[in-house]
Amino acid sequence: MYDYIEPVKEAEGGGPGTEILKSYTYFLFIAAYGAFFWFARQDIKKGGPRHLTDALGIETNTWIIIYLIAAGFVFGIPQGLVAGLYYQYTGQRFENDRLGFAKSGGVDICFWSAFFVFLIVLYLFTYVVPPLWFGNARPFVIFFFSLAGSLILASKLARRVFTALYGPPRFRSR
Amino acid sequence: MPVTCQQTYFANQRCHYLTYADEPYCRWHKVIRDVRKRYEKTPGMSQINMYMAGACLFMVAVSFSKFGLNPHYIWGLAIAYLLPWACIAFADGMIIRDYPLSQFALWGKLLAFGLAISSITGLAFALALAADKEAGEILIRGMGIGQYKNLVKYGPPVLAILIALLSFVLTERLLGEVLLVENSSLGCIIGLAALGIVVVVLWPMLSGLVSDIDLGGSEAKESGGDEAKSTLLDYEWYELLAAYVVGWIAGVMVNNSMRQSRLGEWAYRRTQGMSMLSCALLPGLALYLTRYVLTELKAEGIFPLILMTGFAAALFCVAATQWIIGRAYS
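Sequences listed follow chains A and B, in order.
Our numbering numbers the first residue of the first sequence as 1 and each following residue consecutively.
Our numbering numbers the first residue of the second sequence as 175 and each following residue consecutively.
Derived by calculation from the structure, the hints in this document are not laboratory data.
Beta carbons are placed, not taken as given, at the ideal position from N, Cα and C, and that holds for glycine.
Please note that a few of the clues may not be correct.
As the list claims (entries may be wrong) - Keeping only pairs whose Cα atoms sit at most 27 Å apart, straight-line, the calculated DSS-like set for lysine-lysine is:
(1) B:K215 with B:K323
(2) B:K240 with A:K46
(3) B:K307 with B:K472
(4) A:K156 with B:K472
What the hints assert, rightly or not - A short list of chain A residues far from chain B (calculated; beta carbon distances all over 10 Å):
(5) G17
(6) Y26
(7) P131
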């Protein structure tokens, strides 16, 4: 026998993609991502300062663009972690409560923490980390640091926001 | 006995601010509720505002990078104007969503901060664009559209007029929605300042036209010289009428849609008279100004006249309707 605890809130449902479309800052994601690519293009165009080449250690423009698009996937990775935390605080699984997850700011926390950490890591690798460090593994090291940083930041932010909304965590992790 | 705000949050928490006047909510939650009521029929504006916030932040980032290349004060003013705009758009977007995180008083404060700062920096920015031709040129060239001569010439004055009028609208919003003041003299002062900037911008054109019409033409005729100065482009009466009608339709559509989305039935009927008057007069003003602008641009033909009159009339009607709506319940 074990004690059954009522979920903190009722599931609000929602199909796949609802969490993104109903998030607080969905259009701001698009604007931010567009602006990021605009600056990247200005950087790598002919006669541009080519800071991205310094940061990533990649010479060709095509590979830089492919890397930046691939790095975009890192923005979605913290979602699994934040969804787990959402269950701890509400008792609702992400799959059953996509709308509630969006309303609690889960998607926004994932995206923005990953986006800011990625920008900070890129900045550090451009101006602070010497260009000869890590050699050809530089793009992968940036990816790893971005991922680790975004997971830590997303976890801290999510705990803070979910505590403000739903009180202390009451459910054991999945 | 002081009463705290009735707004509750999740997890049995509640707002700790005192109530405003006889309202059951504090000032910030009243602001939030008023904004939400204004947009209740257009919930999609939440994401439009988010996109606007993104666009403003993008322009702030561009201004920073341009300031790094060419440290001119106009970039500083652009940042000081656009950053509060981003705050306004972001706060509006958050409030309209009406989700759990939208309930916090923080968004009302962010909105108030944005409105207060941008209404002042907007006037300074508009004045700089109107008075300093070099600054305007640097701004337009910095935006990457310096190859279009007409934009370099007319871009800064048009921007100055738009920003001055927007500052007036923002001040009205600050007074009505955040400070909850009715009939304040501050609105009149900012309105006069905005009007002053518009006159500063238009003055060279207006004074040049006056001399063209009254003195230049007659002097040229008297002296019998061939160097007659440029006069207004000539249009047939039906072309002018068509442009006016298009401007009127554009104005009425803008006016009606704005009032229908933001006002109740009683206020909608109450503002009917002022709306009809503004929709009748403003297309005329738009047509009048458009002829001068097209003459300067040397853009002949009926289509530029109709298009520009319609656009200008719609813009004027947006500003006028905003003003009418602000006074609907007073």
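Taking only the CA atoms, is the gap from B:K307 to B:K472 under or equal to 27 Å? 22 Å, holds
Is the nearest CB of chain B more than 10 Å from the CB of A:Y26? Since the minimum Cβ distance to chain B is about 6 Å, A:Y26 lies within 10 Å and the statement is violated.
Given the proposed pairing of B:K240 with A:K46, does the C-alpha separation stay at or below 27 Å? 18 Å, holds
Within a Cα-Cα threshold of 27 Å, do B:K215 and B:K323 meet the stated pairing? With Cα atoms ~42 Å apart, B:K215 and B:K323 exceed 27 Å; violated.
For the pair supplied as a hint, A:K156 and B:K472, is the alpha-carbon distance within the 27 Å limit? 61 Å, violated
Claimed clearance of chain B by A:P131, with the beta carbon kept past 10 Å: 22 Å, holds
Over 10 Å to the closest beta carbon of chain B is the bar; see if A:G17 clears it. Nearest chain B Cβ is 15 Å from A:G17, so the label holds.
The structure shown violates the earlier hints numbered 1, 4 and 6.
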